[in-house]
Amino acid sequence: MEPGLLDRVFNQTEFATELATGKPPIPLFKQAIQNSQLAMDSHFRETLDAVTLVHCRSQFMDQLLAFAWQQFFPEHATNISLLAVGGYGRGELHPRSDIDILLLSQDETAFSEHSDAMQGFITFMWDIKLDVGHGVRTLDDCTKEASKDLTIVTNLMETRTLAGPDQLRQTMVHSTGPQHLWPSDAFFTAKWQEQTERHQKHHDSDNNLEPNIKNGVGGLRDIHTVVWILQRHFGDNQLENLTSRGILTEFEYGMLHRCRDFLWQLRYALHMVTQREEDHLLFDFQKEIASILGFSDEADKLAVEVMMHQYYRYSLALNELNDLLMLLFNEIIIDSQQPQQIYSINQHFQRCNDYLEIKQPDLFEHTPSAMLEVFYTLACDDSLKGVRANTIRALRDNRHAIDDNFRSDPDNIRSFMAIIRNPQHLVRELGRMLRYGILGQYIPE
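Just so we're on the same page, the numbering used here is the position in the sequence shown counted from 1, plus 43.
If you're looking for bench data, these hints aren't it; they were derived computationally from the structure. We treat Cβ as the ideally placed atom computed from N, Cα and C, and that holds for glycine. Treat the hints loosely; a few may be bogus.
As the list claims (entries may be wrong) - Within a straight-line C-alpha distance of at most 27 angstroms, the following computed DSS-like cross-link-like pairs (lysine-lysine) qualify:
{"#": "1", "residue 1": "K244", "residue 2": "K428"}
{"#": "2", "residue 1": "K330", "residue 2": "K344"}
{"#": "3", "residue 1": "K191", "residue 2": "K66"}
{"#": "4", "residue 1": "K428", "residue 2": "K402"}
{"#": "5", "residue 1": "K344", "residue 2": "K428"}
Stated by the list, open to error - Restraint-style ranges between C-beta atoms, simulated for each label pair:
{"#": "6", "residue 1": "T95", "residue 2": "F277", "range": "34 to 42 angstroms"}
{"#": "7", "residue 1": "A229", "residue 2": "D304", "range": "26 to 34 angstroms"}
{"#": "8", "residue 1": "T90", "residue 2": "Y485", "range": "17 to 25 angstroms"}
Kindly produce the complete structure, drawing on both the sequences and the hints.
Written out as structure tokens, the structure is:
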């Protein structure tokens with residue numbers, strides 16, 4: 044973070060001094076929130092550095108909530124803690140994102156002891172106009188509820204202690220960890236299904252024109268899903284470690300990082316101009332956001348069209364990376380538990396655990412036409428679930444070979460038309476071709 048930025052957003056020393064004078068706390072807290080948001084929005088307009096500001100707002104909120112906690116809870120309390128959870132627990136807060144917190148106690152006795160303080164604290168959050176989503180649970184509550192609810196166990200994976208003893212959080216993390224409930228294979232399977240259902244819900248023309256940049260296909264939630272699976276299986280929530288673990292190449296991680304940064308810019312600007320937690324890139328705000336982000340008119344495109352074109356490119360790239368990562372996780376977490384079942388399909392492809400795979404890693408380099416054959420083979424065999432990760436990478440690395448000569452080749456034209464003439468799976472395979480960058484190469488703009 045830029046040196047001094049957090050101090051400019053919120054000066055803890057000055058705030059503590061004002062509180063100590065006995066002034067009414069509610070106006071002081073409300074003013075601090077307003078000043079911090081103005082300072083961060085100004086910094087964003089100057090720098091467009093959403094990455095820094097998303098973390099800065101989280102750190103500001105950490106400090107503010109610690110001050111609020113001190114207003115109600117005794118300093119020596121050892122049986123109750125305040126935790127950040129969810130996106131806030133990750134240390135990521137956009138301008139109007141909900142601030143999700145958990146009041147975690149040792150047991151019901153602790154709740155009884157601190158009931159007045161808890162009620163006062165939550166009421167104070169409302170009084171200072173913070174959009175707080177709060178939960179109140181004992182350690183036993185966390186274990187019981189997490190065991191039967193995927194959303195709860197996911198939220199509890201992303202926690203930080205803001206006030207009170209950290210030992211309570213550590214105990215909760217251990218009791219809700221994969222060694223006790225939701226082992227990584229069950230967690231992965233459930234998260235993959237959850238993502239599939241979310242993609243189906245958001246995959247229509249209206250959502251494409253006013254895309255949901257958080258929950259839509261190729262949105263930020265696809266990155267969150269990767270982080271959750273990484274953490275559940277490896278105990279590691281740092282995306283950059285996907286490379287050191289041999290899961291992503293440096294190039295792939297670089298693209299994932301750029302996708303996230305651009306989506307964070309869009310989401311920060313969207314929250315800023317709508318003054319609410321809005322994740323649909325609505326028509327009414329697209330022009331203003333394009334201006335804030337520095338897009339300008341080009342010879343044949345308005346600035347807003349340039350911005351949306353860039354969004355679609357990043358969203359498509361993220362969708363491709365997410366698809367690759369989910370397949371890699373499937374191979375690491377699920378397939379590794381059973382022997383590989385490999386059967387030949389034809390001279391180019393084989394079936395590996397019900398996924399299509401190239402027999403030779405350099406197939407597309409020597410036989411580019413086989414790239415179209417991938418999708419025809421999938422269209423003709425319902426029992427194939429998809430494409431193996433190594434084959435997706437080979438498609439990506441060789442799709443540049445789809446040029447004018449490739450497009451005019453009669454064999455390739457026949458292969459493409461064979462896919463088109465398979466109405467039962469046409470939409471599915473064209474979608475897969477689009478996701479892997481083959482359709483865009485074959486039918487360029």
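* Asked: Which of the numbered hints above does this structure break?
  -> Violated hints: 3, 5, 6 and 8; rest satisfied.
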